[in-house]
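Heads up: the sequence shown begins at 1 in my numbering, then just goes up one per residue.
The set of hints was computed from the structure by calculation and includes no laboratory data. As the structure is a prediction and not an experimental result, all values here were calculated from the model. Mixed in with the good hints, there may be bad ones.
[Said to hold, decoys possible] Pair by pair, the computed Cβ-Cβ distance ranges are:
1) PRO98 to LEU69: 29 to 37 Å
2) LYS116 to GLN50: 16 to 24 Å
3) LYS36 to PRO98: 29 to 37 Å
4) PRO138 to THR26: 20 to 28 Å
5) PHE41 to LYS137: 19 to 27 Å
6) TYR114 to VAL135: 35 to 43 Å
7) GLU42 to ARG128: 18 to 26 Å
8) ILE58 to THR34: 17 to 25 Å
9) LYS116 to PHE41: 28 to 36 Å
10) THR120 to THR93: 30 to 38 Å
Just so you know, even glycine gets a beta-carbon here, dropped at the ideal spot from N, CA and C.
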Amino acid sequence: MKIIGIDPGYAIVGWGVVDYQRSRFTTLDYGAITTKAGMPFEQRLLTIHQELDSILTIHKPDAMSMEKLFFTTNQKTAIDVAQARGVILLCATQHQIPCYHYTPLQVKQSVVGYGKAVKTQVMEMTKRLLHLQAVPKPDDTADALAIAICHAHSAGSRLAQYGTRY
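Based on the sequences and whatever the hints tell you, model everything.
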């Protein structure tokens, strides 16, 4: 199963594509879509769509996994990230790719085995599981790969029922 993990945002969208066969991971590609702070917001959304469309065309994943939004303080940021998520979901739908959503707790539990793991533990385990030389940068890219791992571990188990599919 080929999975693209997405860490949504409007300044940086982390992404990572992995193949998961017989309980083994192969890292296919990863990176970040970035938009400039001074760019009009609508142009930022267009850039995200165009670049993600290209990535999905090249890799043709079987599934997309994305982190659920969790904001407690800045509502403006939450709304802007939600709009970027909408563009990402639109792009997945245009490519007929089912999308699954996981909480940060689910990602940590799936990757590290402990739902309250710290970010460095998740990044280190992601590096190990994917046999990478170093933790991918920026952090959003490493997060996206962890989200893809979460879906791989969850898709064939009862945990999948708790990941929301849109």
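Outcome of the hint check:
Between PRO98 and LEU69 the beta carbon distance is about 19 Å. The supplied range of 29 to 37 Å is therefore violated. Under the hint 16 to 24 Å, the C-beta atoms of LYS116 and GLN50, about 38 Å apart, miss the expected range. Between LYS36 and PRO98 the C-beta distance comes to about 32 Å, which sits within the given range of 29 to 37 Å. Taking the beta carbon of each, PRO138 and THR26 are about 22 Å apart, inside 20 to 28 Å as hinted.
Checked against the hint of 19 to 27 Å, the pair PHE41 and LYS137 passes, with Cβ atoms roughly 25 Å apart. Between TYR114 and VAL135 the beta carbon distance is about 18 Å. The supplied range of 35 to 43 Å is therefore violated. As the Cβ distance of GLU42 to ARG128 is approximately 40 Å, the hint placing it in 18 to 26 Å is violated. Between ILE58 and THR34 the beta carbons are some 18 Å apart, a value that agrees with the proposed interval 17 to 25 Å.
The hinted range of 28 to 36 Å is satisfied by LYS116 and PHE41, whose Cβ atoms lie roughly 35 Å apart. THR120 and THR93 have their C-beta atoms about 35 Å apart, which keeps the hinted 30 to 38 Å range intact.
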